[in-house]
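Participant: Chains as they are written, first to last, in this note's numbering: chain C, 770 to 849; chain D, 770 to 849; chain W, 56 to 204; chain X, 56 to 204.
Don't read these hints as lab results, they were simulated from the structure. Be aware that one or more of the hints could be misleading.
Cross-link-like lysine-lysine pairs, in silico, DSS-like; alpha carbons within 27 angstroms at most [as the list claims (entries may be wrong)]:
#1 Lys78/W to Lys779/C
#2 Lys78/W to Lys178/X
#3 Lys178/W to Lys78/X
#4 Lys78/W to Lys181/X
#5 Lys818/D to Lys78/X
#6 Lys65/W to Lys71/X
#7 Lys200/X to Lys818/D
#8 Lys65/W to Lys779/C
#9 Lys779/C to Lys71/W
#10 Lys117/X to Lys829/D
#11 Lys71/X to Lys779/D
#12 Lys818/C to Lys78/W
#13 Lys71/W to Lys117/X
#14 Lys779/D to Lys117/X
Reference listing, derived: stretches of chain C covered by chain W, where coverage requires no fewer than 3 residues with Cβ under 8 angstroms from a Cβ of chain W [said to hold, decoys possible]:
#15 795 to 808
#16 818 to 826
We treat Cβ as the ideally placed atom computed from N, Cα and C, and that holds for glycine.
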Amino acid sequence: MAVTVVFIGKLADLAGEGEREVAAPLIWAGLADALGAEIAAAVSDDRTKIAVNGEVLADKTALSASDGDEVALLPPVSGG
Amino acid sequence: MAVTVVFIGKLADLAGEGEREVAAPLIWAGLADALGAEIAAAVSDDRTKIAVNGEVLADKTALSASDGDEVALLPPVSGG
Amino acid sequence: MARDVQLLTKGFSPGKALGLFAKAHPDAGGIASFVGKVRPDGGVKVLELISYERLTLPGMEKLADEVEGRWQLDGLLIHHRTGHMRPGAPIVLVAAAARHRRDAFEAVDFAMDHLKSRSWFWKREKRGDGWHWIEPRAQDHDDAKRWDI
Amino acid sequence: MARDVQLLTKGFSPGKALGLFAKAHPDAGGIASFVGKVRPDGGVKVLELISYERLTLPGMEKLADEVEGRWQLDGLLIHHRTGHMRPGAPIVLVAAAARHRRDAFEAVDFAMDHLKSRSWFWKREKRGDGWHWIEPRAQDHDDAKRWDI
């Protein structure tokens with residue numbers, strides 16, 4: 770019963786790893802519990818986006834991931 | 770005592786050759802005598818330019834070519 | 056329209072890719088292209104481009120859709136590196152084949168502006184004092200805004 | 056700035072020339088380029104481009120001067136054919152290497168607009184019914200006017 774959280778860029782530095790399994794379900798209000806206060810704060814940054822299974826959420830506070838979902842935490846893009 | 774006249778593009782078709790030697794000096798008023806009325810008329814076209822030794826004349830009616838000069842008659846460019 | 060969109064994990068030769076692209080489009084009147092490389096200034100030793108599988112390539116395909124919709128092209132190529140690159144290494148090649156010059160130019164220009172500031176890449180540079188995360192230059196954002204109608 | 060301006064009387068390979076240009080400018084962040092070819096439409100069998108020795112190449116050099124003056128470049132290449140060409144054959148290659156993308160793009164765009172309507176070339180096409188003299192398209196004139204400040 771797990772959600773895979775993928776950390777990208779700076780957030781991977783912060784997490785100390787590229788991805789982590791956390792208990793499902795995962796919702797916005799549960800981010801700090803699941804990932805720690807530091808990462809939750811970074812994800813709260815206006816420019817940080819969240820994608821669930823490759824779909825970027827228009828409103829990231831509507832996050833609601835279930836078992837088997839992949840949640841990616843996306844810092845501002847750098848461009849190619 | 771000759772001026773070399775170079776015909777470019779359409780004007781070479783009209784002249785039936787790429788260049789011709791004519792008696793020096795060659796001035797604007799003498800073009801019809803030197804090259805024929807048809808070519809002189811084509812050179813009168815606003816868009817036709819004249820270069821003397823590779824310098825395009827700002828005012829082609831100021832043409833004044835001496836022995837050894839090369840006079841080029843230039844139709845509108847087509848672009849590359 | 057023939058489209059060739061690739062996310063590359065290894066070094067590539069833009070000259071070779073361009074040559075093949077030109078051969079694939081013998082009827083196009085013109086081909087505009089841009090090659091972007093890792094700039095050797097600022098003491099950069101290594102550049103790392105990070106992609107996210109579920110967004111980066113799909114995003115490049117969406118970009119190609121938009122380019123196709125905006126300009127009349129015979130062919131479009133977008134090759135973009137991910138991974139570690141040394142100074143001088145090619146990062147990106149965009150090429151557009153078109154009947155009319157302006158279409159080819161604008162398509163490449165637009166695609167590059169998009170790739171430089173709005174595509175799903177994250178970038179860091181290794182300098183003498185370690186790794187540094189990079190954000191787009193303000194200029195890159197301004198370049199991309201030119202196309203927002 | 057390294058400059059390579061040539062008026063070519065024989066066929067050439069734009070891919071090869073671009074590859075050499077890229078090698079000659081390893082430090083440039085980007086290279087923009089455009090290749091123009093003889094379009095195979097309209098029943099054209101042969102295209103002839105006529106140059107005038109005393110004006111055409113000097114005019115291309117002047118164009119390169121202007122490009123260098125307007126944009127910050129590491130290198131500029133302008134190769135242009137003259138003579139008889141078949142459909143599909145390359146006519147012109149322009150490439151600019153620059154630290155910043157926008158400089159490279161605009162330099163190539165400007166040089167092409169200039170070459171297409173204001174350079175010293177005369178052009179005719181051989182079709183089924185013989186030779187026809189060609190003038191620039193109105194679009195080419197408009198393109199060039201964009202740069203007149």
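Participant: Each hint needs a verdict: does it hold in this structure or not?
Facilitator: Hints, one by one, checked against the model:
Distance check on the hinted pair: Lys78/W and Lys779/C sit about 42 angstroms apart at the alpha-carbon level, beyond 27 angstroms; violated. Distance hint between Lys78/W and Lys178/X is fulfilled; the C-alpha atoms sit about 25 angstroms from each other, no more than 27 angstroms. As the CA atoms of Lys178/W and Lys78/X are separated by approximately 25 angstroms, the hinted pair is consistent with the 27 angstroms bound. Only pairs whose Cα atoms come within 27 angstroms are accepted, and Lys78/W paired with Lys181/X is accepted, the gap being roughly 24 angstroms.
In summary, the hint linking Lys818/D to Lys78/X is not supported, as the alpha carbons are separated by about 41 angstroms, beyond the 27 angstroms threshold. A distance of roughly 22 angstroms separates the Cα atoms of Lys65/W and Lys71/X; the hinted pair therefore holds under the 27 angstroms criterion. Between Lys200/X and Lys818/D, the direct Cα distance comes to roughly 20 angstroms. Compliance with the 27 angstroms bound is thereby established for this hinted pair. Note on Lys65/W and Lys779/C: the hinted pairing holds, with a Cα-Cα distance of about 23 angstroms set against a maximum of 27 angstroms.
Distance hint between Lys779/C and Lys71/W is unfulfilled; the C-alpha atoms sit about 35 angstroms from each other, more than 27 angstroms. Taking the CA atoms of Lys117/X and Lys829/D, the gap is about 22 angstroms. The hint holds against a cut of 27 angstroms. In summary, the hint linking Lys71/X to Lys779/D is not supported, as the alpha carbons are separated by about 35 angstroms, beyond the 27 angstroms threshold. The straight-line distance between the Cα atoms of Lys818/C and Lys78/W is roughly 41 angstroms, outside the 27 angstroms bound, and the hint therefore fails.
Restraint check for Lys71/W and Lys117/X: the C-alpha separation of about 32 angstroms exceeds 27 angstroms, so the hint is violated. Simply put, Lys779/D and Lys117/X have alpha-carbon atoms about 25 angstroms apart, close enough for the 27 angstroms limit, and the pair holds. Figure legend: the region 795 to 808 of chain C, annotated as covered by chain W; annotation inconsistent (0 residues with Cβ-Cβ distances under 8 angstroms, at least 3 required). With 4 residues carrying a beta carbon less than 8 angstroms from a beta carbon of chain W, the region 818 to 826 of chain C meets the three-residue requirement, and the given coverage holds.
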